[in-house]
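Enquirer: These are the residues of each chain, in order.
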Amino acid sequence: MKNNKHTASLEEKDVEKTVGMLLRAGVIIASIIVLIGGSLYLFNFGGLPRPDYHLFKGEGSSLITFDGIFMGLFSGKPTGVIQFGVLLLILTPILRILFSLVAFAVERDRLYVFITLIVLSIILASTFGGLKI
Amino acid sequence: MSILTFTIILILGAYLAGLVGSLTGLGGGVVVIPLLTLVFHVDIRYAIGAALLASIANSSGAASAYIKEGITNIRLGMFLEIATTVGAVTGALIAVYTPTNTIAILFGAVLLFSAAMTLRKKNQEALTEGSKWSATLKLDNSYPTPNGLVKYKLKNIGGGFSIMTLAGVMSGLLGIGSGALKVLAMDTTMKIPFKVSTTTSNFMIGVTAAASAVVYLQRGYMDPGIAFPVVLGVLGGAFTGAKLLTKINPTTLRWIFCIAITFVAIEMIYNGLQHNF
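From first to last, the protein sequence lines stand for chains S and L.
Take the first sequence: its letters are residues 1 to 133, numbered as in UniProt numbering.
Take the second sequence: its letters are residues 1 to 277, numbered as in UniProt numbering.
This is chain S alone, in the form it adopts within the complex (with noise of 0.2 Å):
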C-alpha cells in the first residue's frame, strides 16, 4: 500500500514536469513563428504608413479562419506567418488539457477525467460552436 503510494506520487511528478515543458516549448515555439513573422512584416511593409488602428474594421477571413491563416502560412504571406504563431500560441493551453486529459487516465482518476472533459468541451463548443455572431 505504501508503496504504491509512493510510485504515484513520483508519476504525478513526472505529469507536472511534462505539463509545464509542454506550456514553456508551446511559447517559444509561438514566438520564434511570430518573430520570423513579424520580420517578414516589417522588411516588407514597415516604410508604410500605420494603419487606422482608432477604427475597428476587424480582420478579413485570411486572418480569422483555420484554412485563411493555413492558406497564408504555406503562401509566405507575413500576416499569415505571424496569425500562425498567435494560433499556436493560444492552442498551447489547450493542449495542456488535452495532455491532463491522458494523464488522469493513466491514473485511472475518473473524476478529473470527467472533469478535464467539461473543461475540454467548453472550450472546443466555443471554438466550433458558430459563436460568431
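What the hints contain is simulated information worked out from the structure, not anything from laboratory work.
Check before you lean on any hint, since a few could be wrong.
[As the list claims (entries may be wrong)] Now the stretches of chain S that chain L is said to cover, found in silico as 3 or more residues with beta-carbon under 8 Å:
(1) 61–73
(2) 82–88
(3) 93–101
Backbone N, C-alpha and C define an ideal beta-carbon position, used for all residues, glycine too.
Position chain L against the provided structure of chain S, taking the given hints into account.
Expert: For chain L alone, kept in the frame of chain S given last:
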C-alpha cells in the same frame, strides 16, 4: 507614423507592460490595454485581442517555472477552470452587445480593484480542517516551503467556484487574466495559502484566456501588426521581471506601480465617461 516606428515604440511599451505586470503580479495583459488605447489610440477591441494573447503568453511562460517547483495545485486549477471557461465564453459573448465605453469604465474599475488587491495582507495560514467537498474533489494538497512540505485544506468550495465564474466573465469581457479576482476566490474565500493561490491562478489564466481568445480571433479582434510587437515585448518584459524578482524586494516598487496603475485606471474611467472610446 510608419509601421516600423509604431512597431518599435510598441515593443518597448509592451516590454515595460510585461515588466510592470510581472513585478506587481497583475500580468502583462492588464497594462497592455491602457497602453494601446490611451497612448497609441488603438480601438479597444484590437487592444482586448492583443491583451488576451499577452495574458496567455505570460501565464504559460510563468506557469512552467512554478509547476516545476511543485507549488501549483493542478487538480484545483482544472476543477476551477470549469467555472472560468464557462465565464470566459459568456463574457466574450456579452462583449459584442456591450458599448466600448462601458467596457473601458468596467476595465478601469477592475484595474482599481486589482491594484488594491496586490497590496492586501496575504493569507499565509494553511487550514487543517477542510470542507467535505474539498476532500471529495481531492483538492486538499501540500506544497513545499523552506520548512518542508506543508499540508493544506480548503473550504467554501461553492463560494470560490462562484467568484471564479465572475473572474471568467471579466476575463472574457475585458481580455484580461483577472488574476486579482482569481486570487480573491482562492486566497480569501477558499483559504488557500497565497503561494498556492497565486501560482494556481497563473496556471489557470492561460486556459481561461484561450477560451475567449478563440472567440475573439474568429471575430477579427486579433491584428497581426499589433499582436506581434505586443506578444514579443510582453514576454521579454515578463522574463526580465521574473529575473529581477529573485534579486530585489519588490515591496517599494509594488507601491509605486500600484499608484501609477490607479492613475491609469482613473484615466480609463474618465475617458469612458467622456465617450472617447
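Enquirer: Next, verify each hint and record whether it holds.
Expert: Against the structure, the hints:
Closer than 8 Å: that is the beta-carbon criterion, and the region 61–73 of chain S has 3 residues meeting it against chain L, so the requirement of 3 holds. For the region 82–88 of chain S, the stated coverage by chain L holds: 5 residues have a C-beta nearer than 8 Å to a C-beta of that chain, and at least 3 were required. Counting residues of the region 93–101 of chain S whose beta-carbon sits less than 8 Å from any beta-carbon of chain L gives 5, enough to reach three: the coverage restraint holds.
The structure agrees with every numbered hint stated previously.
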